[in-house]
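Asker: Following the hints, position chains B, C and D against chain A.
Protein chains in written order, with my numbering: chain A, 2 to 144; chain B, 2 to 144; chain C, 2 to 144; chain D, 2 to 144.
One thing to keep in mind: the hints can contain errors.
To be verified - Rough simulated footprint, nothing fancy, chain B against chain A, three-plus residues with beta-carbon under 8 Å:
{"id": "1", "segment": "12-18"}
{"id": "2", "segment": "30-37"}
{"id": "3", "segment": "41-48"}
{"id": "4", "segment": "79-91"}
Claimed, not checked - If you want a taste of the chain A side facing chain D, the calculated C-beta under 10 Å gives, among others:
{"id": "5", "residue": "A102"}
{"id": "6", "residue": "S103"}
{"id": "7", "residue": "T112"}
{"id": "8", "residue": "I129"}
{"id": "9", "residue": "A130"}
{"id": "10", "residue": "T131"}
{"id": "11", "residue": "T133"}
{"id": "12", "residue": "V137"}
{"id": "13", "residue": "K141"}
In case anyone wonders, no lab produced these hints; they're calculated from the structure. A virtual CB, placed ideally from N, CA and C, is assigned to each residue, including glycine.
Spelled out from the first residue to the last, the chains are:
There are 4 protein chains.
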Amino acid sequence: MNAEQLVKTVTAATGFMRAAGTEVVQAEPGHTVLRLAKKPELLQFNGYFHGGAVAGLADHAAGAAATTALPAGKIAVTVDLHVNYLAPANGAAIVAHAKVASVGSTICVVTVEVFNEAADAQAARCAIATATLRVVDAPKLAG
Amino acid sequence: MNAEQLVKTVTAATGFMRAAGTEVVQAEPGHTVLRLAKKPELLQFNGYFHGGAVAGLADHAAGAAATTALPAGKIAVTVDLHVNYLAPANGAAIVAHAKVASVGSTICVVTVEVFNEAADAQAARCAIATATLRVVDAPKLAG
Amino acid sequence: MNAEQLVKTVTAATGFMRAAGTEVVQAEPGHTVLRLAKKPELLQFNGYFHGGAVAGLADHAAGAAATTALPAGKIAVTVDLHVNYLAPANGAAIVAHAKVASVGSTICVVTVEVFNEAADAQAARCAIATATLRVVDAPKLAG
Amino acid sequence: MNAEQLVKTVTAATGFMRAAGTEVVQAEPGHTVLRLAKKPELLQFNGYFHGGAVAGLADHAAGAAATTALPAGKIAVTVDLHVNYLAPANGAAIVAHAKVASVGSTICVVTVEVFNEAADAQAARCAIATATLRVVDAPKLAG
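In isolation and in its complexed conformation, chain A is listed as follows (with noise of 0.2 Å):
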């Protein structure tokens, strides 16, 4: 499997991503891009984004982005995440970049920015985040 397919599937295979809509983007080595339209499901009571699913939306591109990073057979896990929340996330979509900061044998860095899709090229910034995460060996997915 390269990058995208396992981030695919991964992600498929996610109750709460697949639930929330999440669209894979791009995928990489160390780096992913994954999007959430917007939806009910996924606001506050201002009609935004809610914070968990930023969060959420944060936590799983970063997992992809060191997962891609390792070598077969081991995953990424997030021991502790950090958002900054910069402006409101009140685009139809929400779209976050997650780059791997260092890889180590058991621990990995990511950085995630995430982005209010505009129809535009001025996408403004809605959130930042930081994951510090554990590599461990991969479980099976269910075919």
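Answerer: What follows is chains B, C and D alone, placed relative to chain A:
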């Protein structure tokens, strides 16, 4: 509205929390207890609660704990959230206990503990979180 | 070496903590109390303890709390540190209480509370912190 | 005072940073570069820079970056600081680059990268940090 009515109203008005099936177990000024029962839309591929579900519950519990500690007409919105995942969130439900650490006129800090619900008294703590929130004027919630 | 001897030895061998004048008040497996008395080299321009002094004390207390909870021959090194500054660190001394939240074979998590030392029993908490640490083989300290 | 004068004045007035030997390499609105040369008072027992020295430098660089982006008469004070230690801070000096991520009327967020200074262009990043800061009225600094 007292604290419990306020938290129930906000939770019901929040698509993300309502879709997740959030139950307000307890709410008093500066302290809230919220609960999520297990269901597929909240899980990792391994059957545990997803980090985004844990983070979302912690975030909402923190916002509710801070808001109930503020004067009427003010609410607290999350500026940043830090979650440490201590153990698999593998309970039949997870329960977040949020408690205000400091309340100011512009900033609140809330600590959260998340437990796996267990049949006996030995509920295991699966995550801890700290949220920094900003105090803003409350918007009107649609009746 | 027992926990207290270990923490005193490591603290004395650490230039940053020794220069700061760190006092080991208490050390038992998984729990440490460290103290810094006020002096100009630790302060902000406003006369309060600098955020770096608070963070350094919290970091060292966390490392000591985790290391004393590990088997002999292992130490814990900080992977990430999150500090919330709750109130001015304006005591005549600051005192950090660190307590292990989880201990694993590769990762430990420690929570820290930092207090302004007060003449009476009402010491105010000026910061809280969470540290994630990695377990590694202990280096030899020069005798 | 321009940005560089402001940062130099605040750094000189701050006992912790002055004792550490902080050098202001660059300062412009929203962006600062600060440097610490190695000396025993800043080190771990293993001879690397201590986590508290790294955190203190990152904190000060973040505060300076935010303050220079604010209107005259306002300063930014750290509410919380999150540091990820990516690699040993084993340079002959460490250099922090701080950059404002968002500036508001009450809250600023700043990201920081800390590098081990190297003889060649390949300086390695040893830490990244995110600071959340609160905007307050500037106190008068003693001339």
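Asker: Taking the numbered hints from earlier one at a time, note which ones the structure violates and give those numbers from smallest to largest.
Answerer: 2, 12 and 13
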